[in-house]
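**Student:** Based on the hints, put chain B in the right spot on chain A.
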Amino acid sequence: MSALPGTSSSWLRTPPEGKRKNFYQNVVFGLTILATIVVLTPIVIVAGYVVREGLSAITLEFLTEGPRRDGAEGGIWPVIVLTGYTLILVVVMAVPFGVGSAVFLSEYARPGRLLRLINLTIINLAGVPSIVYGLFGAAFFLDILGGEKSLWVVSATLALQALAIIITSARESLLSVTRGIREGSLALGVSKLRTTFFITLPQALPGIITGVLLAISRAAGETAPVIVVGAILAKNVSLNPSAVINERAQVLSFELYGRITEGIGYPEERKWGIALVLLTVVLIFNLSALFLRWRISQLGSVRRN
Amino acid sequence: MTNETTTTTETGAETNLSTGRMAGGGVDVKATVAAAAAASPKKTSTDQVALSLNNVGVWYGQHEAVQGVSFDIYQRATTALIGPSGCGKSTLLRCFNRMNDLIPGTRVTGTISVEGVDIMGKDVDAVQLRRHVGMVFQKPNPFPMSIKENIAFGPKRLGLAKSKSQMDDLIEESLRDAALWDEVKDKLDEPGTSLSGGQQQRLCIARVLAVKPDIILMDEPCSALDPIATLKIEDLMRTLAKDYTIVVVTHNMQQAARVSDWTAFLLAGEERTGRLIEYSPTEQLFTTPRDKRTEDYITGRFG
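Order-wise, the sequence lines are chains A and B. Numbering-wise (the numbering used here), the first sequence opens with residue 1 and increments by one. Numbering-wise (the numbering used here), the second sequence opens with residue 1 and increments by one.
Among these hints, one or two may not hold up.
[Claimed, not checked] Simulated crosslink set (EDC-like; lysine to aspartate or glutamate; CA at most 16 Å straight-line): (1) 232(B) to 177(B); (2) 242(B) to 177(B); (3) 156(B) to 168(B); (4) 271(A) to 53(A); (5) 192(A) to 125(B); (6) 139(B) to 183(A); (7) 187(B) to 172(B); (8) 192(A) to 101(B); (9) 212(B) to 173(B).
Don't read these hints as lab results, they were simulated from the structure.
If we strip away everything but chain A, and leave its shape as in the complex, we get (with noise of 0.2 Å):
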């Protein structure tokens, strides 16, 4: 101890110029906290707002029953199921092929001027404003393929909104997985498919499923390419699968977006119910990813095939 420094323990306490740096340290600490605050207030502010508001719309009968009297009154069942079709659908249409190009481009292709060029332009992609898409999916659709204004086109063309970001994510959790157990398995004489399928993808699914999860919540809320492609306001229609094809979409995002335009007659608390509704799907896409991810990360630390 006497071979230390000073005669006390003063050469462990604070050098003054170490004050001002923790002084600096404070301040930088202080305004990361205050950054999230300003960030999660109006995320608070506006789901109390909109809970607040529309609570009183939600009954039994505006859950559970269809339109009357052009929807002033009754509920909103058909818009509800209907906007679940048509976000099923989106997931049936895009993650197969978004997760399989994504397989592709971090796995397969060979890297090059092309494959940059490619992943360039997929990450553009889900930059594109969402009209774009609309307007897209119009002229596809319903002019060169000649489809009818139905809700799978609604579907398609929210789909190849999303496929841009579910092949952005997937891609990048599948290149986040270390080379160290890919190279694992091959080593073991077992194929680049089935590394790929049973080592890799297990192992980037967290971050797939968070990244489709992504893409639906802004499927369900987009509302500028569901006009575009032919979405109408609650109307009462056959609710079994086959409306897929045979009925135009009805989702709730345009209903609200419909609701507010519409203006004068519509009473108030029915538009904060509706977009109270919409909040509660996305918040069950949501919950349902989280619970996905957990159960994956569950099998996958004990027992995963």
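**Tutor:** Just chain B now, with coordinates in the frame of chain A:
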């Protein structure tokens, strides 16, 4: 100098074995190798050839990483590849199971034959080759699965076990052969990543044993492990050498001296192209090196 060292080791082989493990000097290496030689009789060059290299070169794009390497690796013996960092020893090792195929822009020239078959041949399936030439990596890389499934993964994907009981037997056998069974038999369903570093590496060895290879490549298998775990792996390597052909890359000369029967010394010059400098029985290479550069390296004058 050499004679002096040998005389002292004969009197106290055991003590030198333990000091040689910790210290880094070249003289200790000689002591270690003499002690190891006393413990196990040396194999002779009349043994059968497992792997034969003829004028092997490796290119990464425009860079020549390894040039003109020719030598034979013998069956059921341990061969060590030593040399300073960047001398191409790992690169060369990865040619033996064509792991370099996976790195775009890599080109291997010359011929490498495994039991007489040229593995660079067009009709050779690298996937099939890797079943026979297994590999253990520098960093333990257990799969994110249970201990049991880590072992079962290979056999399951390759269809090596026909029933559940066969698979269970294979799992136990592999873990026993990798000297890990007693430590994990009560927790086979726990994740492989929950094991310690040394146990993880033995799990990775067990995983390789489960697909029944003939040759096992080890790429600096102990460099991420503590001395005790290293010792266990080395013991295991000596045991496995009775049934398998082992090729180990190591930057630890004492380790090469302790575990190997044959040692190849590689060195890269200014242009960073690795060449084979000397290949001899381990004892000979460490006690009476033929090449001045080998002597300089093992006595710690560089590298």
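**Student:** Under the criterion that the straight-line Cα-Cα distance not exceed 16 Å, is the pair residue 192(A), residue 101(B) satisfied?
**Tutor:** 12 Å, holds
**Student:** With a cut-off of 16 Å on the C-alpha distance, tell me whether residue 242(B) and residue 177(B) pass.
**Tutor:** 12 Å, holds
**Student:** Hint check: residue 271(A) vs residue 53(A), CA-CA at most 16 Å. Holds or violated?
**Tutor:** With Cα atoms ~9 Å apart, residue 271(A) and residue 53(A) stay inside 16 Å; holds.
**Student:** Verify the proposed pairing of residue 139(B) with residue 183(A), using a straight-line Cα cut of 16 Å.
**Tutor:** Holds - the C-alpha atoms of residue 183(A) and residue 139(B) are around 11 Å apart, at most 16 Å.
**Student:** Could you grab the alpha-carbon distance between residue 156(B) and residue 168(B) and see if it respects the 16 Å cut-off?
**Tutor:** Since the Cα atoms of residue 156(B) and residue 168(B) sit roughly 11 Å apart, the hinted pair holds (cutoff 16 Å).
**Student:** Has the given pair, residue 187(B) with residue 172(B), been kept, meaning a C-alpha gap of at most 16 Å?
**Tutor:** Holds, because 12 Å separates the two Cα atoms, which is no more than 16 Å.
**Student:** Under the criterion that the straight-line Cα-Cα distance not exceed 16 Å, is the pair residue 232(B), residue 177(B) satisfied?
**Tutor:** Answer holds: residue 232(B) to residue 177(B) is near 13 Å, not above 16 Å.
**Student:** For the pair supplied as a hint, residue 192(A) and residue 125(B), is the alpha-carbon distance within the 16 Å limit?
**Tutor:** 12 Å, holds
**Student:** Would the pair residue 212(B) and residue 173(B) pass a check requiring their Cα atoms to be no farther apart than 16 Å?
**Tutor:** Within the cut-off at roughly 11 Å; holds.
Figure legend: structure checked against the earlier numbered hints; every hint is met.
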